[in-house]
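Q: As a plain string of letters, each chain reads:
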Amino acid sequence: MIEVKNINKSFEGKKVLDDVSVVFEEGKTNLVIGSSGSGKTVLLKCMVALYDIDAGAILYDGRDFTKLEDEQKRSIRKEFGMVFQAGALFDSQTVEENVAFPLEMFSEMSKSEIADRVNFCLNRVNLVNANKLYPSQISGGMKKRVAIARAIALNPRYLFCDEPNSGLDPKTSILIDNLIHEITDEYNITTVVNTHDMNSVLEIGDKIIYLNKGQKWWEGDKNDILDTDNKEINDFVYASELFKRIKKASQ
Amino acid sequence: MNLFYFLGKFYLFIQKVFKKPQSWKWFRKQLLYEINSLGINSLPIVSIISLFTGAVIAIQTAYNTDSPLLPLYTVGLATRDSIILEFSPTIISLILAGKVGSSIASEIGTMRVSEQIDALEIMGINSASYLVLPKILAAVLINPFLIILSMGLGIFGGWAFGVLAGSVTTTEYVYGIQYAFKPFYVSYALVKTFFFAFIVTAIPSFYGYYTSGGALEVGGSSTKAVVYSSIYILLANYILTQLILA
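Sequences listed follow chains A and B, in order. Once you know that position 68 of the first sequence is 68 in the working numbering, the rest is easy, because the numbers rise by one and skip nothing. Once you know that position 37 of the second sequence is 37 in the working numbering, the rest is easy, because the numbers rise by one and skip nothing.
Treat the hints with caution; some may be incorrect.
[What the hints assert, rightly or not] A few chain B residues facing chain A, derived, Cβ under 7 Å:
id, residue
1, Glu115
2, Gly124
3, Thr171
[To be verified] With the Cβ distance kept under 7 Å, some of the chain B side facing chain A (calculated, not the full set):
id, residue
4, Gln22
5, Ser23
6, Val113
7, Gln116
8, Asp118
9, Ala119
10, Ile122
For the record, the hints were derived by calculation from the structure and aren't laboratory data. Glycine is no exception: its CB is placed at the ideal position from the N, C-alpha and C atoms.
Go ahead and model the full structure; you've got the sequences and the hints to work with.
A: Following this line, the structure appears as structure tokens:
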């Protein structure tokens, strides 16, 4: 479980996060939604301490992450897995080297054990015959899958995904969403996903937090979101013609 | 004020770099890779420039010492001293600042803007130490060999092209390069090389590491890295010369 308590973050005097408090539950796919510039990515980067917060606290299963020294933060970070928006795969390494990297860095596994684990993770994300390819030789969807495989290689307790299906076709997008949801269930981890994709919300949103102008405006799940009378949420959810038609049909 | 900000930020960066590596196995692997990338790959350019600069120094010295009062062995003497004292340690380091410095700044800068450095941090890795320490150590280890090679080739180039041009004879050139030779000059050059190797890797790494934005900013960091490392090499050259020779 991750508890975010009253955090604030400003850049050059401009408030990007304003007194945000959220609890991300264990074993659930927690989605943070909101339009571009609402503060989703900043919230995620504050949670993993890529940005220092101005005020508030972030607790990982009761451990106050914000008060720790760099070295102590690093030891908690070993429990993190993160999927970046563009994958952030290491260009100089092949697919299998990317997945093996955290294992070689932090585990005591032998070469053959690492190779087995790499193959297991790549199979888990349905990626076969790509072990020897470099990131520049694979598609966007494959990059996301490699990033997920790398993120789960060390059995993380917390998984963070920053817009994991941006730039992907609808079919691959659903595949990635389902993969994240299945992994969360399977390993009972706390997953936080940033997205502005409404398909993701309805597919995997066990818990949904809506951010607007750096503040938390709404909290619920995928069953509540279509029926809420919150104007900002409705503007966000029913922005597309498809959802407008669905709403009209259901009425 | 900006200078103090830079110095403080650079000091904190270096403090982060000189930390115990996360994995010695990876560190050794990275160190060997960087020795090859920064050192061995620089051999061709260092060799070509040293050979031809030695040649030009010898021919120009011969051309400018066209006086019966000056012995012809001055050509060997002047070539040796110019090459050992200044050309090899300083000018070759400036050339490496261009070649190696821009490559380091753009490599690390690209990793920063494509979130690869963030990915390392999220894994619990000290990204500055992981990326930069092997580069600094590799340059400090391999650059003295490059500079010694440059000295040898420069002096050889002076002899070969000087003799070919008819500017000097082998006997006089060899006498000149042996005349009043102080081995301390080589030590002085190697001490400078050690400091320059640090500058050539640490300054570009710093600019690359703190790049923010996109491709345009990576290019900007690369340019800054070359300009500032060249300036710091010249500044360090002056200070070290004052301290060691004055």
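Q: All hints, please: hold or fail.
A: Here's how the hints hold up against the structure:
A least Cβ separation of about 4 Å between glutamate 115 (chain B) and chain A falls short of the 7 Å threshold, and the interface hint therefore holds. For glycine 124 (chain B), the shortest C-beta to C-beta distance to chain A is roughly 4 Å, which falls under 7 Å, so the interface hint holds. With a cut of 7 Å, the hint placing threonine 171 (chain B) at the interface with chain A is violated, because the nearest CB-to-CB distance is about 53 Å. A hinted interface residue such as glutamine 22 (chain B) counts as satisfied when its beta carbon comes closer than 7 Å to some beta carbon of chain A; here the least separation is about 6 Å, so the hint holds.
With its C-beta approaching chain A no nearer than about 5 Å, serine 23 (chain B) sits inside the 7 Å limit, and its interface hint holds. Given the 7 Å rule on beta carbons, the hint for valine 113 (chain B) is violated: about 10 Å separates it from the nearest Cβ of chain A. For the restraint placing glutamine 116 (chain B) at the interface with chain A, the shortest Cβ-Cβ distance is roughly 5 Å, inside the 7 Å limit, so the hint holds. For aspartate 118 (chain B), the interface hint holds, the least distance from its beta-carbon to any beta-carbon of chain A being 6 Å, beneath 7 Å.
For alanine 119 (chain B), the shortest C-beta to C-beta distance to chain A is roughly 4 Å, which falls under 7 Å, so the interface hint holds. With its C-beta approaching chain A no nearer than about 4 Å, isoleucine 122 (chain B) sits inside the 7 Å limit, and its interface hint holds.
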